[in-house]
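Chains as they are written, first to last, in our numbering: chain A, 10 to 256; chain B, 99 to 450; chain C, 729 to 1106; chain D, 9 to 300.
Watch out, some of these pointers could steer you wrong.
[What the hints assert, rightly or not] As a list, the in silico PhoX-like pairs of lysine-lysine whose alpha-carbon atoms are at most 25 Å apart:
no. : chain 1 : residue 1 : chain 2 : residue 2
1   : B       : Lys198    : C       : Lys857
2   : B       : Lys229    : D       : Lys287
3   : C       : Lys1013   : D       : Lys63
4   : C       : Lys792    : C       : Lys1062
5   : C       : Lys1018   : D       : Lys63
None of these hints come from the bench; they were simulated from the model.
Computed from a predicted model, the values in this text were never measured in an experiment.
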Amino acid sequence: MSPVLEVSNIHKAFGGIKAVNGVSFSVGEGEILGIIGPNGCGKSTLFNCILGQLDPTEGTVKLDGKEVTRMRPSDLNRLGVSRTFQLLQVFPELSVRENLILAGQEHEGTMLSRFFGRRDAGLTEKADRMIGFFKLGHLVDAKAGGLSYGQQKLLDAAMAFMAGPRLVLLDEPAGGVNLTMLGDLKERLRAINAEQGATFVVIEHNMDFVMSLCTRVLVLAEGKVLAEGTPAEVRADPQVIEAYLGH
Amino acid sequence: MTAPATEGSLPQQRGRLSRVPSFAAFADGTLVTLMLGAVILWFAPAGMGRYGTYVLSLWLVMSIAVMGLNLTLGYAGLKSLAQAAFMGLGAYATALLTTKVGPNWYASFAISGLLTFAVGLVLGFPALRVKAHYLAFVTLAFSTLVWLILRNEQWLTGGVFGLSNIPRPSLFGLKLDGALAFHRFVVIVTLILAIALWWMIRSPWGRAFTALRENPIRAASLGIDTRMYTLLAFAIGSAYAGFAGALYAPLVEFIDPSPFSLSQSFFLLLMVVAGGAGYLLGPFIGALLGVVLPEWLRVVGSLYLIIFATIVMLLLIACPQGVSGLLERGWARLTGKDKAGEAKVANTGGRS
Amino acid sequence: MKSTWIMAAALSAGLATPAPAQDKLKLVDVVELSGAGATAGTNWKNGIDLAVADINAKGGILGKQIEIVHYDTQTNPGNTRAAVQRAIDEGTYAVLGPVFSGPIGASMQIAQRAEIAQLVGGEAAGLTKQGNPYLFRTSLSQAAAMPKIANYLKNTVKAGSVAVVWVNNDFGKGGRDAILPELEKAGIKVVADVATEQGQADFAADAIKIKNSNADAIFVYLNEEESARFLRAAKQQGISKPMVGETTLLGAKVIELAGEAANGVKGHVGLSIDAPIPAFQEFGKKFQAKYNYASDHNGLKGYMAVHMIKWATEKQKKFDKKGVADTLRGATIKPSDEPGILMETTIESNGDLDRESFLAEVINGKQVINATLPKIKP
Amino acid sequence: MAEFIAYLIAGIATGAIYALAAIGFTLVWQTSQTINFAQGEFVMLPAVLVLLAIKLFGAPIWLGALIGIAAFILIFGVGFKIAVVDPMIRHGVLPLAIATMALSIIMKEGAKDGFSAEAQNFPSFVPTQTISVFGASISLQHIAIIVVAFAVIGLLQWFVGGTRLGRQMQATAQNPTVARILGIPVERMVLLTFVINAVLAVVASVLISPIYLAKFSNGEVIGLFAFIAAIVGGFNQVRGALVGGLVVGIVDSMAAAYISTSYRLAVPLVLLVVIILLKPEGLMGRKEERRV
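With the rest of the complex left out, here is chain A (with noise of 0.2 Å):
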């Protein structure tokens, strides 16, 4: 069975400045596969161009082996692969349920039933379980913009996951979260990964949360893979160890 995701060879260059230089890795059904690096080792900048938000210079990326390299971000995932962001990403104007439903209401149905038909596209139900999930419930009808920065961050996972993806890309998801939030939200996604059988790829500089998690991991440094192996294998690593941990 081919792998869920497979990255070829991906370079990008910003100008003269080589940010992402032949990065090759595949992720397999149901693996949480985590990417961690020293900051500017281009980890965000392969989340982009695998994702289309940035077009790579060079390489390919196959999604259940077919090509999907520079394929717009919308299409991508209405194919299944969603994200989250470093940076929080939520409609602050929209409710935290409107804010899920949005997430899911252009994987169901046409253009044309999207404007002849129901207002919340059939979603409510699936969003309330959703934000029941996320244990947001007590907040469905508060406004995105008015929730703490931790459940801000349950909620943009939350609409990560509304669509029911193959493929979900955390980039730094315990980022700036507290202790007990980043429990809930550690659950919360080994939960789905066991219950849905989604894939995660996983960018984070919360080493105790990648090794927690993730089955395997990939290092990034200055652009390229510097190792790949299970938690445990990595950690053993003195390369790794000299150039991340080692600081």
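Could you slot chains B, C and D onto chain A? The hints should help.
The following block gives chains B, C and D in isolation, referenced to the frame of chain A:
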């Protein structure tokens, strides 16, 4: 971090000008206001004379064009500098069809809308492919080119001498030639178009418009085809200008290229902002300031233009949400509701 | 919801028309005070104000003082229509203006429906061909002026070929459409037909083009400022062929702005403050004193328009709106009866005017009248 | 040939004016990411203010010029930045762009109602004579425009590239955040940009008004062409605005000569559309990375 720094910066740039105050919030209040407004306007001309009636009709017709631009600017965050040109296309299409070709006004009205919608798609596609602000450049060029064609192709458009004796439509065999009858017709058409827009804004489309204006990158990552929605917002906004033109021609019974020039497009943009971009009722207020205010200020001669522009400038500095935003603020203060309370109201509305 | 009602009430209050004051004669002038027609419109307005001041100082019309109101049209047909409708709703005695043909076309049916005389400043030939008995010009139509130009080009200038430069608005296009057949009739070849934009500032390319056409003479049909800019550009390109124009080209404003470049310009003049008629010169002085600049023909038109109304009212000896139009139609107004008309004017039944006009030339920065042309139907 | 040279010189002279206005355009764009829709009025107004000063104070020409120009730079360089841009930029660039549309109306109508609805003569500082080059008559005024405009643009290039202050200004324009970290007084640099914009407008105004005459509505055409020039040349480059201005000026002149005069205005606009379709970053512009 090098690249991701841009992630957060773009949405902030889009500005708060065109905030939709929880687009569900006033949905039903808006509908009621629209209905009530229509009833009032139906009877309003009593005792106003033909001039007052005419100005009211002109106000409504301009409101339709401003409504369309509000969709483009207020909901989708795009600068179109060709709204008056689109209105011209609609007006000339209707005038030529009804006077020279022969279909009735209703068919001409529909054709005007379809034509401007299609032209909007054709214009918007290459521009939006590049960058949102290129739409401003392309529409600027388009606006002037349309004006040149309207002026130069005298065999078709009457050139600088314009087209006169544009007939007014009839309804179920009822002649609408009188000022009052036609005014009431305009009220009905405006109401229908406003309700259509109201419906769209509260449908999933409206949610998508809000999303792509607030944060297009996040919206795209949630499967929202931002290019399609942006294009649609622009094309539908342009079609509204076409509809407005189709009413303008029989209202004035004469058209020449001057009301469809670039400066008129600028003026329409100012009306959107003055009324409150992103508010469904904003265009009516904006057009009121742009069309009716000059009538009130006739005493000061041409100074009213300065007065209008100054009002817009002050509004932009003090309250970028325009008069609608001011009214909303005033209402909140009057009823003693704070921001949180406002959110609560908003969301009970959202459940219905 | 309450606010909606209040707004509606305010709206109707604002748009309801106040009853006209009974003791005064209300005249409404609907004119281009902003937009493309602002320059012409401002002259027209000032001419009207001057006439009203003169008439009121001498006791008004049939003892009534005139109350004059000016409404700006923004040079926009829709707004013009609104303003004319408003004027009529407010009970204006007659409608004055506008000056541009487009706005006239948009508003003339309204005055016609109300059976109220409308005295306009437009010169486009088409206006009086629509059978509107309530429309009156205040100057010669282009259809009347252009044959005189063609004659002049043929007999006086002796041009075999001519370049035509015109402004692409209703005024210029109308003039151009009127002169071309006349030139053909006179056997004069048109070797260049150059359209320019209203408000155009840069005439260098146009001047080069005309220079290269090697025409025997150049017929310039532009608005005042554009005329001046063109004359300057033509001088810079060293064009030495005679420049021939109609009224505007020889106007005071053009001479002031073009300076030396205006010297030698010649042509036909319908109305001019430099005409060898004392009344015109006196008007010019009064205008200059009041507004601190020299009036163009639009100022004269506005001044005459008010006096046409005065004459008709005094002739019918009552304030009958419809009667004004009926009295004016087909009438001949003599300066001896009404000095404010400045020169004898015959109003034809379609609203066109017939008057004497002049052939003039600019010499040393002054308009000099060479000859007076008789009325078409003396 | 003589004919062609005459058209070319006329085109370059107008193009130089468009370039001056377009450079101001790009400067304002770089520092505040906004399109100044009042740019044409910026070129129209200095001449009107000079004439107004002469009229109001009965001052001699040089004094009137001094007062008018100083007032303009103060109001529309410093004042524009402080009273319009600063309070508005926090709401985003869209309101600011629209505010400049309102400003253009205020400037235009203000000039009309406060000064004159009619065009006025503006004194020329060069004689109105012509010289003959290869059989084409070239006016000294056109030559003066070209020489002065190029000198000013050269001076600006030298200032931006060759002086400390200029480099600081450029750094601010390219990345205000980094500039601030480097200790550059960003606010003052932005203000300087606006003052330079005002100075360029003054130069253009003084150069062109003897030919165009001072009139409230002159800004419409100049603004439109400066806008086209900036886009054609490339919005993010001073060099682009220069090239764009010249290209548009020459194209316009040639269009008047060899294409239907009633569609003359269409030619630069079609050029604009073609550029947007084929090379959206402009002739000289840097390609901007697609934003994430």
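A quick look at each hint next to the structure:
A threshold of 25 Å between alpha carbons decides the hint, and for Lys198 (chain B) with Lys857 (chain C) the separation of about 20 Å falls inside it, so the pair holds. Straight-line distance between C-alpha atoms of Lys229 (chain B) and Lys287 (chain D) comes to about 12 Å, which keeps the hinted pair within the 25 Å bound. This hinted pair checks out: Lys1013 (chain C) and Lys63 (chain D) have alpha carbons roughly 21 Å apart, not beyond 25 Å. Our distance criterion of 25 Å between C-alpha atoms is met by Lys792 (chain C) and Lys1062 (chain C), whose separation comes to about 23 Å.
Restraint check for Lys1018 (chain C) and Lys63 (chain D): the C-alpha separation of about 17 Å stays at or below 25 Å, so the hint holds.
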